[in-house]
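Novice: Those letters in the sequence shown? Residues 1 to 166, by the UniProt record's numbering.
There's no promise every hint is true.
What the hints assert, rightly or not - The list that follows gives simulated cross-link-like pairs (lysine to aspartate or glutamate, EDC-like), each with its CA atoms no further than 20 Å apart: (1) K114 x E26; (2) K36 x D162; (3) K114 x D17; (4) K25 x E45; (5) K134 x E52; (6) K114 x D149; (7) K114 x D162; (8) K114 x E7; (9) K114 x E52; (10) K134 x E7; (11) K157 x E45; (12) K46 x D162; (13) K25 x E7; (14) K134 x E54; (15) K134 x E156; (16) K25 x D111; (17) K134 x E45; (18) K36 x E52; (19) K36 x E156; (20) K46 x E26.
Said to hold, decoys possible - Derived CB-CB ranges, DEER-like: (21) P163 x A11: 35 to 41 Å; (22) L151 x I83: 18 to 24 Å; (23) N58 x K36: 34 to 40 Å; (24) A125 x A44: 14 to 20 Å; (25) S135 x S19: 38 to 44 Å; (26) H145 x Y122: 22 to 28 Å; (27) I73 x H145: 24 to 30 Å; (28) A44 x G84: 31 to 37 Å; (29) E14 x M159: 15 to 21 Å; (30) D162 x E26: 16 to 22 Å.
If you're looking for bench data, these hints aren't it; they were derived computationally from the structure. Note that the Cβ used here is the ideal one computed from N, Cα and C, for glycine as well.
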Amino acid sequence: ASQEYLERNPALQEYQDTSPVFPYKETWYVVYRNFKTDPLLGGAEKCLRFVETEPGVNGTYPVTVHYTPSHSIALTATPSSSIGYTLHNIVEFGPQGFQILSATAYSAYTDAEKCQVIRLPYAGANACGLFVPKSQLGSTTTCCHFIFDLLCGTHEKYMVYDPSCP
Numbered sequence: 001a002s003q004e005y006l007e008r009n010p011a012l013q014e015y016q017d018t019s020p021v022f023p024y025k026e027t028w029y030v031v032y033r034n035f036k037t038d039p040l041l042g043g044a045e046k047c048l049r050f051v052e053t054e055p056g057v058n059g060t061y062p063v064t065v066h067y068t069p070s071h072s073i074a075l076t077a078t079p080s081s082s083i084g085y086t087l088h089n090i091v092e093f094g095p096q097g098f099q100i101l102s103a104t105a106y107s108a109y110t111d112a113e114k115c116q117v118i119r120l121p122y123a124g125a126n127a128c129g130l131f132v133p134k135s136q137l138g139s140t141t142t143c144c145h146f147i148f149d150l151l152c153g154t155h156e157k158y159m160v161y162d163p164s165c166p
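Kindly generate the complete structure, drawing on both the sequences and the hints.
Specialist: Shown next, in the form of structure tokens:
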């Protein structure tokens, strides 16, 4: 059974467009999420960050996901559009060379300069993460936290980033 989310609405797509994020201009970090363990990306490890490793080809971008202490996963990320959308509100990602194993991340909110609130259904029914570019670490705008709380809930947050992260 699929769950309907308030933000899954093509009328809101201008606030969900992931296109300006790609290609990455800098490393993106997961600051926190509302679930303890990520079944695909590092489990309960800290310092989860995404680095584009080379230029994208045909709308697909090679990305390395790093997490502590010194682990990494090579992925491809492919922005695309949900039904009814003309802008890219989803990113399909999976291990390089194994697209059949891909998972989908939905943009609930994207400001390519400040933050992304990403819904991660592979991790659970209401699973979300707050992602920020490296330049915004420690200065995440209040609206990003508000949008996360509004769409993803105000229950416990699991901190993934801390100042000791590389």
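Novice: Now tell me, hint by hint, if it's right for this structure.
Specialist: Do the hints match the structure? See the list:
1. K114 x E26: holds (12 Å)
2. K36 x D162: Within the cut-off at roughly 15 Å; holds.
3. K114 x D17: Given pair K114, D17 holds - Cα atoms ~13 Å apart, limit 20 Å.
4. K25 x E45: violated (24 Å)
5. K134 x E52: Cα-Cα ~13 Å, so holds.
6. K114 x D149: Holds, at roughly 16 Å.
7. K114 x D162: holds (18 Å)
8. K114 x E7: Holds, because 19 Å separates the two Cα atoms, which is no more than 20 Å.
9. K114 x E52: This hinted pair holds, its Cα atoms lying about 18 Å apart.
10. K134 x E7: The hint is violated at about 26 Å.
11. K157 x E45: Measuring from Cα to Cα gives roughly 14 Å; hence the hint holds.
12. K46 x D162: holds (8 Å)
13. K25 x E7: Given that 20 Å is the threshold and the Cα spacing comes to 26 Å, the pair is violated.
14. K134 x E54: holds (18 Å)
15. K134 x E156: violated (24 Å)
16. K25 x D111: holds (13 Å)
17. K134 x E45: Since the Cα atoms of K134 and E45 sit roughly 18 Å apart, the hinted pair holds (cutoff 20 Å).
18. K36 x E52: violated (25 Å)
19. K36 x E156: holds (9 Å)
20. K46 x E26: It holds: about 19 Å lies between the C-alpha atoms, which stays within 20 Å.
21. P163 x A11: 35 to 41 Å: The hint (35 to 41 Å, Cβ to Cβ) holds, given that P163 and A11 are roughly 39 Å apart.
22. L151 x I83: 18 to 24 Å: holds (20 Å)
23. N58 x K36: 34 to 40 Å: holds (36 Å)
24. A125 x A44: 14 to 20 Å: holds (19 Å)
25. S135 x S19: 38 to 44 Å: At 19 Å between Cβs, range violated.
26. H145 x Y122: 22 to 28 Å: For Y122 against H145, whose Cβ atoms are near 23 Å apart, the range 22 to 28 Å holds.
27. I73 x H145: 24 to 30 Å: Roughly 27 Å apart at Cβ, these two residues keep to the hinted range, so it holds.
28. A44 x G84: 31 to 37 Å: For A44 and G84 the Cβ distance comes to about 35 Å; the hint holds.
29. E14 x M159: 15 to 21 Å: violated (30 Å)
30. D162 x E26: 16 to 22 Å: holds (19 Å)
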